[in-house]
Structures are given as C-alpha cells and as structure tokens.
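One line per chain: the protein sequences are F, D and Z, in this order.
Everything in the first sequence is counted per my numbering, starting at 1 for the first residue and increasing by one.
Everything in the second sequence is counted per my numbering, starting at 1 for the first residue and increasing by one.
Everything in the third sequence is counted per my numbering, starting at 1 for the first residue and increasing by one.
If you're looking for bench data, these hints aren't it; they were derived computationally from the structure.
Bear in mind the structure is a predicted one, so any value in this text is a computation, not a measurement.
Glycine included, C-beta positions come from ideal geometry on N, C-alpha and C.
Any given hint could turn out to be false.
A few chain F residues facing chain Z, derived, Cβ under 8 Å [as the list claims (entries may be wrong)]: (1) Val47; (2) Ser49; (3) Val57; (4) Tyr62; (5) His73; (6) Ile74; (7) Ala82; (8) Ala86; (9) Tyr90; (10) Thr98; (11) Gln209; (12) Glu213; (13) Gly216; (14) Tyr265.
Covered, in the sense of this in silico footprint (three residues per stretch, anywhere, with C-beta under 8 Å from a C-beta of chain Z), are these stretches of chain F [stated by the list, open to error]: (15) 9-15; (16) 101-107; (17) 112-126.
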Amino acid sequence: MAITSIKNLKEFSTNNDRFEGAHLLCPGCAHSMIVRELMNCTDDNLVISSNTGCLEVSTAVYPYTSWDTSWIHIGFENSATAVTGAEAMYKARKRKGTLKDPDAPVKFVAFGGDGSTYDIGFQWLSGAMERGHDFTYICLDNENYANTGGQRSSATPIGAHTSTAQAGTHSYGKKQKKKDIVSIMAAHGSPYVAQLAPNKWKSMAKGFQKALETEGPCFINTVSACTTEWKFDPKDTIHVTDLATDSLMFPIYEIIDGHELNILYRPKNIIKVEDYLGAQGRYKHLFKPENKHVIERIQSDIDKNWTMLQRREEAKI
Amino acid sequence: MSITGSAIGTDKRGIRELGGEEKLGWDEVEQGVVLSSFDGSTENAAFLKPEEREYSDFNSYTATVASWRIIKPVYNRDICIDCQNCWVWCPDTSIISRDKQMLGIDYDHCKGCGVCVEVCPTNPKSLLMFNEASDNDAELAGWPVKEKKEK
Amino acid sequence: MANEYELNDVEVWDGNFAASQALRQAQVDVVAAYPITPSTPIVEGYGGYVANGYVDGEFVMVESEHAAMSGCIGASAAGGRVATATSSQGFALMAEVLYQASGMRLPIVLTVVNRALASPLNVRGDHSDMYLGRDSGWIQIDAFNAQEAYDLPLCAFKIGEHLDVRLPVMVHQDGFTTSHKAQNVYPMKDQIAYNFIGKFVPVDEMLDFTRPVTHGAQTEEDWHYEHKAKQHKALMDSRTVIDDVFAKFKELTGREYKRVETYMMEDAEVALVLLGSSVETAVLAAKQLRDEEGIKVGIVAPRCLRPFPYDLIRDALDTTSLKAVCCLDKSAPGGAMGALFNEVSAAAYTTKARPLMSNYIYGLGGRDFAVDEAKRIMKEQVAHANAGHITTDIQQFSGLRGPKLGFFQTRRG
Numbered sequence: 001m002a003i004t005s006i007k008n009l010k011e012f013s014t015n016n017d018r019f020e021g022a023h024l025l026c027p028g029c030a031h032s033m034i035v036r037e038l039m040n041c042t043d044d045n046l047v048i049s050s051n052t053g054c055l056e057v058s059t060a061v062y063p064y065t066s067w068d069t070s071w072i073h074i075g076f077e078n079s080a081t082a083v084t085g086a087e088a089m090y091k092a093r094k095r096k097g098t099l100k101d102p103d104a105p106v107k108f109v110a111f112g113g114d115g116s117t118y119d120i121g122f123q124w125l126s127g128a129m130e131r132g133h134d135f136t137y138i139c140l141d142n143e144n145y146a147n148t149g150g151q152r153s154s155a156t157p158i159g160a161h162t163s164t165a166q167a168g169t170h171s172y173g174k175k176q177k178k179k180d181i182v183s184i185m186a187a188h189g190s191p192y193v194a195q196l197a198p199n200k201w202k203s204m205a206k207g208f209q210k211a212l213e214t215e216g217p218c219f220i221n222t223v224s225a226c227t228t229e230w231k232f233d234p235k236d237t238i239h240v241t242d243l244a245t246d247s248l249m250f251p252i253y254e255i256i257d258g259h260e261l262n263i264l265y266r267p268k269n270i271i272k273v274e275d276y277l278g279a280q281g282r283y284k285h286l287f288k289p290e291n292k293h294v295i296e297r298i299q300s301d302i303d304k305n306w307t308m309l310q311r312r313e314e315a316k317i
Numbered sequence: 001m002s003i004t005g006s007a008i009g010t011d012k013r014g015i016r017e018l019g020g021e022e023k024l025g026w027d028e029v030e031q032g033v034v035l036s037s038f039d040g041s042t043e044n045a046a047f048l049k050p051e052e053r054e055y056s057d058f059n060s061y062t063a064t065v066a067s068w069r070i071i072k073p074v075y076n077r078d079i080c081i082d083c084q085n086c087w088v089w090c091p092d093t094s095i096i097s098r099d100k101q102m103l104g105i106d107y108d109h110c111k112g113c114g115v116c117v118e119v120c121p122t123n124p125k126s127l128l129m130f131n132e133a134s135d136n137d138a139e140l141a142g143w144p145v146k147e148k149k150e151k
Numbered sequence: 001m002a003n004e005y006e007l008n009d010v011e012v013w014d015g016n017f018a019a020s021q022a023l024r025q026a027q028v029d030v031v032a033a034y035p036i037t038p039s040t041p042i043v044e045g046y047g048g049y050v051a052n053g054y055v056d057g058e059f060v061m062v063e064s065e066h067a068a069m070s071g072c073i074g075a076s077a078a079g080g081r082v083a084t085a086t087s088s089q090g091f092a093l094m095a096e097v098l099y100q101a102s103g104m105r106l107p108i109v110l111t112v113v114n115r116a117l118a119s120p121l122n123v124r125g126d127h128s129d130m131y132l133g134r135d136s137g138w139i140q141i142d143a144f145n146a147q148e149a150y151d152l153p154l155c156a157f158k159i160g161e162h163l164d165v166r167l168p169v170m171v172h173q174d175g176f177t178t179s180h181k182a183q184n185v186y187p188m189k190d191q192i193a194y195n196f197i198g199k200f201v202p203v204d205e206m207l208d209f210t211r212p213v214t215h216g217a218q219t220e221e222d223w224h225y226e227h228k229a230k231q232h233k234a235l236m237d238s239r240t241v242i243d244d245v246f247a248k249f250k251e252l253t254g255r256e257y258k259r260v261e262t263y264m265m266e267d268a269e270v271a272l273v274l275l276g277s278s279v280e281t282a283v284l285a286a287k288q289l290r291d292e293e294g295i296k297v298g299i300v301a302p303r304c305l306r307p308f309p310y311d312l313i314r315d316a317l318d319t320t321s322l323k324a325v326c327c328l329d330k331s332a333p334g335g336a337m338g339a340l341f342n343e344v345s346a347a348a349y350t351t352k353a354r355p356l357m358s359n360y361i362y363g364l365g366g367r368d369f370a371v372d373e374a375k376r377i378m379k380e381q382v383a384h385a386n387a388g389h390i391t392t393d394i395q396q397f398s399g400l401r402g403p404k405l406g407f408f409q410t411r412r413g
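Take the sequences, apply the hints, and build the full model.
Following this line, the structure appears as structure tokens:
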C-alpha cells in the first residue's frame, strides 16, 4: 500500500488533502485535524463511514460534501457495520471480478464520536471487531454528545459538567468514571489498538499508518478537544490537548494483538491534572473547596493508570 | 470571494455562501441523496493538487465560510520557516502549502479559529490574528519585532 | 465460479428453502444476517451454499438484525447484489435502517417470514411485521405458498435493481404455514434463473474510485421534502416495472403473477380481500360455497402491498354485481380499523359500485383460519348485501374466544 512518508512535517505537508474546507465543524475543532491527518497518512483509496455526530452532520449536508473519497453515513450506531458491509462486498466482487479496478488499493475506515462508540454503537462496533473485517475504526473522543449540545456519555470523565450531569449546589458533575474503551477493544483480540492525540501529530500518524497496514479490525481512540463543550478558546485546541497528554489524563499508547502494550509518548515534565482541568470551563466547579476531593480522585486515578501502563509495558503484556 | 493574499486555488473555490445554492425541484434532486465529489472521472485525489481537480458543485470546496470569521490570520512570509505546524493542525484545510512551502491562507475556508497562530513557533510569529475588516498590507507593515524572552 | 446445484424438475421444498434457493440462484454477493424464527433457515441455507461452493458471495453473520440491514446497506452502496431475511422482532429492530435503505435507493432484497410482534411474545405467523414495513419506502410483495416464495425473490431482484426503480424489495411469506410447509416447487435451472435476473448493474458505487460519492447526506427543511417526494414517485412508478417483470416471468415459466390477484371476481356478489397463505383457504371456501350453495363469492388478494395497488384494487372491486366486501387483517390493529380495510376502502370509495365495506381481524399469533370460518364470513357478507347495509359491527374479530368483540356501526342502513 501507498503509505505516505511522515519523516518530518515538511514532507508530510506535501500530501494533497482529501478533506475539504467549508465543512460546518466549529472553529478550532479537533475532529477535522484528526480526520485530515488520517486521510493524509495514506495515498490509498478510502472507503469511509461515519456515525451520526458532529463530524457527520458537518461534512455531508446536502447539497455539499467535504469528502473527496467514498463516504457513507447510515445511522448513529452503525458506521462499523456500514463500512464492514462495504468491505465484505469488496471481497466478494474482487473474487468475482466485478470491480471496476480490481488492483486499486483501498482501505476501509469508520469514524464515530464517543457517544456512538462508547454508547449507542458499542454493540455494532463490538460485532464488527469480532468478525475480523479488515478495517480501522477511529473514535473521535470529545467526551460528550457535542452534536446535541453537550450531554454526558460514558466517555465523559468523572467530575465534568455536562447538560445531563450538571454541576450544581448538590452535584460536582458526572459521578461515574470514564469507560476504558481501549482495553475493551484490545480484549476483542484486535491486532492493533491505540490511544492517540493530534498534538502528537507524528505518533498519531504512525499509529494511523500501523492500523491501516495491519490486516484485521483495528481500533484507535483519539483525543478530540472540544472547544464548545469543554469550554476553552478555539485557538487553544492544541494547547489543551498538550495539557491532556502531559498530565497523562490521555496517555498515548498502543496495544498489539491484545497483549503487547507500548507507551508512545512520555512527557518530559508530567504536569498536575489541575493544570489540565483549570484550562476548561467544564471543570471550573471542581476548584471550589468542597470539590477538592474530586480533583484528588482524578489525580489518583491518573497515577494508578500510568503505573499500570508502565508495568504492562515493562512486562510486555 | 478570494481576497488578496489567498494564494492559489481553483476558479471554483468558495464561489458561494452555504445555503446560497439554487433550490431545485423534486424532479431535479439527486437520486438517493448521493453527492459526487468531482465532475466526471477522476484520478485518486491523493495524487492531485486542488488546482488540478475537477470539483463538482457538490464539493464543499466550492462553498465559502468566510462570513463565519470575526478575526482573521494574516501571514508574514518574511518570518515563516515553513515548519508546517499551521498546515498539520488547521482544522479547515485552509493553510495552502505546496512543495514544503507555506504559500498563504485560504480565506474562503478559514473560520478564524486562531490555532495556526498559537502553533506558530517563530519569534515574532509568522501568523497573527487581526480584525476581519483590517487591511492585510497595513498589518504586515506594522508587524511586531522579535520579543525578548523574559528571564 | 460457483458450482451448479443439481435440481429436479419438481422439488419438495418449504417456503424457507425455496427462498434460500432463489438467493443462491441470484448469486447474491453479500448476505449480512442474524437468525430469528421462523426465517432462520433462509440464511442458514445461504451459509450452506457458501460453505459448499454453490455461491461465491460473502456471508456476514452479524450481531443483530439492525446490524444485518446496516451491513446490507454498506454492501449495497459498494455496488453489488445484497439480500437478507428476518421476521418479527428482528424486523422491528431493523425498522430504523429499513428507512435508510429506501431513502438511499439501494436495491436490497429482504425475505420476510411474517410473524407476530410481541408483547406477548409469539413465534407464529401473522402480518404484524409486514404491516410495520408499510411506510418504510420498500416495495412489498407477498408470497402465498412455497412456489411463490421461490419465484418472487427472483422477480424482486429484477424489480428492485431496475434502473428506473432502484428501491429495496421485501418478499413476504407466512411464518410456518408457508415457511415450514413442504410443497411441490418447480425450480428453474440455475443459469436460466440467473439470466432472468441479469447481472447486477452498480449505480453510484463506493468502490468506483474514479468517481467518489457521498452516501447518506443530511437534508434539512430546504431539501428533505423534495427528496422524499422523488422517492415516493419512484415507488409509485415501480408499478409498471413490476407488471413488466411479472410478464417476463410468465413468458419464461408460465406462472402468472399480478399486483392484485383476483379469483372469481367476474360475477362475484360478495368478496373477501386478504393476504398471505389465507388466500388459498379463502379461494377454497369460495369455490365450495359456489358449488354447494350457489353463492357468488370472489377473492381479492393484493400481491403487492407496496406500492399499494390502488389502481388494480379499484378495478377488481368496480363491478356492478359486487355488493359487499370484507377486508381481513391479520395484524393487531392498534386502535384503528385494519390497515388493509382502510386502504382498500379508500380505493373502493371511488368505484361506481361502492360496495359495503367491513373488516375482520383474524389469525393473530398463528390462530388458525379454517375453511368453515371463511365460509361463515362470506355468508355474513351475503346478509349485508341482502339488507343493503352492514348488519354487524363494521370491525369484528374472527376466531376469538370470549364475548363478541366489535366496533362501529354503519349509518347507511
């Protein structure tokens, strides 16, 4: 397959974008940074599906499409099924010789937000992963139902304020921990699973390329900072993502074949999670004295998780 | 729609506002709501620069979101080191780079988020945000000088 | 190349096996499916053909019926022949994506083995699932026996894939009474059946990389209405293609299908309108009543539920001899008159004859509908005809234990 060189950014920038402007995503949205990078990671033809969500409602509103490749949307829950249906058809037609260009290289990619990945499309994703199709699923994880105005999902971290898990006089926001989707996907026996972030463009590009190159169902959770619902200035998308990765709120790592964990980014200076939380309006209430325990809890969870990831890496499990 | 300094593009770039397209009758809309990205037959767009593509009227490339902008980035070629940070992180495919060189901003598709300015590593920055109504040449003439790092 | 399947001139197949053979002969490229009683054997059959080289297609066993139809949509948009099967709750779970398939104009064939909808849970045949598909934008064709359960999917591919149609097609058969009842079936040879349907012609396929396409775009108030109207037009216009495909099928096999089947309607004074395997029961009852008592009964059976054959229903009911018509609905009406009654009555209202129209609910959850009961209902129509008005409640229940249940009375008497 035609994998693009990602030696350095200058070289990477010679790629011709296949994701067009005048889509309707918010200014500063990380979704399109991630989608652009995925599409720039390969020269192969792409068949892409999207679940209902910010990406979908912003890139295919009749009479416009922002996609220069084949693209399909069916519903909120079934992008994994849509693209694996197409992948099955590709195999059948290749065998029967009915493809227009049987030698044209193609990759199958599904996108979903965290709502569709962690929640409503969880079963469809799980089914597609188990069936072993050759495709890559990319979750654009902005930790809430941003498309419908910022409701909690099972990807929303504990303590975050959302419209359906509100912070108030009797509440510190969401009470439940975020679902560990990466482990769940690794437990499917997927050959390649990773958590990546757009601020670390090179590790993200490498991870995307690995997933595209690896035969079988691959899953990548990407951190997609949401200027609108996380409540930060649109210009700060990369800055907030830096804080996410450097506080280890979003550790960057991969799991190969379900049992080989590699950490892909080790912050030189690990920052306190307060710095990350403090940069976003959705965590503002946590800085009240009565909610101090929530920040302590978040920091403690991060520390334990980081220890676990490092131990798994050392033990090669 | 293009304004000075928008570098290269095709004749079709940003030729209309979203929603400004002709509203067709039921007999003229596309069967199955299918939208083709290009007119006629095309090579894989990965091998075509935008100016080499036959964009169809359905491609959002032909629309503009310039009216979303309140502030705009202005690009100063004299300082730029072509690091391509702005290119890789632009959420609106609005940094025009060709052959490893940053050429300018696509003002038809830029929404003015300011990410490009934040990720610009030069000192002074090669991209700065200004009021949408301001004059690019005037802003370039008054570009700030190198800041000394505070110790 | 797929192996040829040795077939006798006459096979003894049940409706499920008949349908699976049709899917094999169509050389379906992708079947994405999930098992559910009573339709499971259709996809098991396809799985067996894949396992033994009788088809070259991909058999994708997904984790739900919703995913089955989702996979079919993705596969169909990728430019090949696609089919699946389901029943009842599975059909209900699919409902969301059924609308997507038709709106996206994808010619998927869905063989539906009709079964009741819970609650209470029931695996037997009634038409609740078939009725649930009424507004989904699919063509719906109804097979009354195993032969038809073989013939009609073959026609369905040819209809749905026709370039003037490009719509998905359901082929219905009744759970158990058709799906599990072995009957004589006259199959075509593989090549003849395949040639009848013809090669699949991709339209806007996602695997033609020289022409990237976006499927499933959103339309808001500026565009949605026009798209839905265009889709409706295609569905209404499919009537001529259906007629044409049925005519070609008759040329090839001698077996004749019409969007509305009529039996003994030329001189009928009373008539029953009904669907599915009950049609054969009603025809038998009508013949016996004619022979035994000289009562002129006719039967009208919509073969095509969608597009609703308003035109042919009206033709069938527009005879000077016809006085009373009873529409039998095998689906819980949910607080309304039966859907068949409502639609047929609307067509009958514009006839010159304007027969008396009444409604029976019957056969829910697989309750038997026997010849004697059909005769009783026919005789009741004669009583209406003689009185010149409906002498009973307009909606009644057939074969129901407990006090008589009925609703509404006529104001014409």
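Hint-by-hint comparison with the structure:
The restraint placing F:Val47 at the interface with chain Z holds, with a minimum CB-CB distance near 5 Å, inside the 8 Å limit. Restraint check, F:Ser49 versus chain Z: the minimum CB separation of about 7 Å is within 8 Å; hint holds. The restraint placing F:Val57 at the interface with chain Z holds, with a minimum CB-CB distance near 6 Å, inside the 8 Å limit. For the restraint placing F:Tyr62 at the interface with chain Z, the shortest Cβ-Cβ distance is roughly 4 Å, inside the 8 Å limit, so the hint holds.
Using the Cβ-Cβ criterion of 8 Å, the hint placing F:His73 at the interface with chain Z is satisfied: the shortest such distance is roughly 4 Å. Interface restraint check: F:Ile74 against chain Z, minimum CB-CB distance 5 Å, threshold 8 Å, status holds. Proximity of F:Ala82 to chain Z holds as hinted, the smallest CB-CB distance being about 4 Å (cut-off 8 Å). With a cut of 8 Å, the hint placing F:Ala86 at the interface with chain Z holds, because the nearest CB-to-CB distance is about 4 Å.
Given the 8 Å rule on beta carbons, the hint for F:Tyr90 holds: about 6 Å separates it from the nearest Cβ of chain Z. With its C-beta approaching chain Z no nearer than about 7 Å, F:Thr98 sits inside the 8 Å limit, and its interface hint holds. Interface restraint check: F:Gln209 against chain Z, minimum CB-CB distance 20 Å, threshold 8 Å, status violated. Because the closest C-beta pair between F:Glu213 and chain Z is about 19 Å apart, greater than 8 Å, the hint is violated.
Taking 8 Å as the C-beta contact cut-off toward chain Z, the hint placing F:Gly216 at the interface is violated, the least distance being around 15 Å. For F:Tyr265, the suggested interface contact is broken, since its CB lies about 34 Å from the closest CB of chain Z, more than 8 Å. Here the stretch 9-15 of chain F counts 0 residues with a CB under 8 Å from a CB of chain Z, which misses the bar of 3, and the coverage is violated. For the stretch 101-107 of chain F, the proposed coverage by chain Z is satisfied: 3 residues have a C-beta within less than 8 Å of a C-beta in that chain, meeting the threshold of three.
Here's how the stretch 112-126 of chain F fares: 3 of its residues keep a CB closer than 8 Å to some CB of chain Z, so the rule of at least three is met and the hint holds.
The structure does not agree with the numbered hints 11, 12, 13, 14 and 15 stated previously, though it agrees with the rest.
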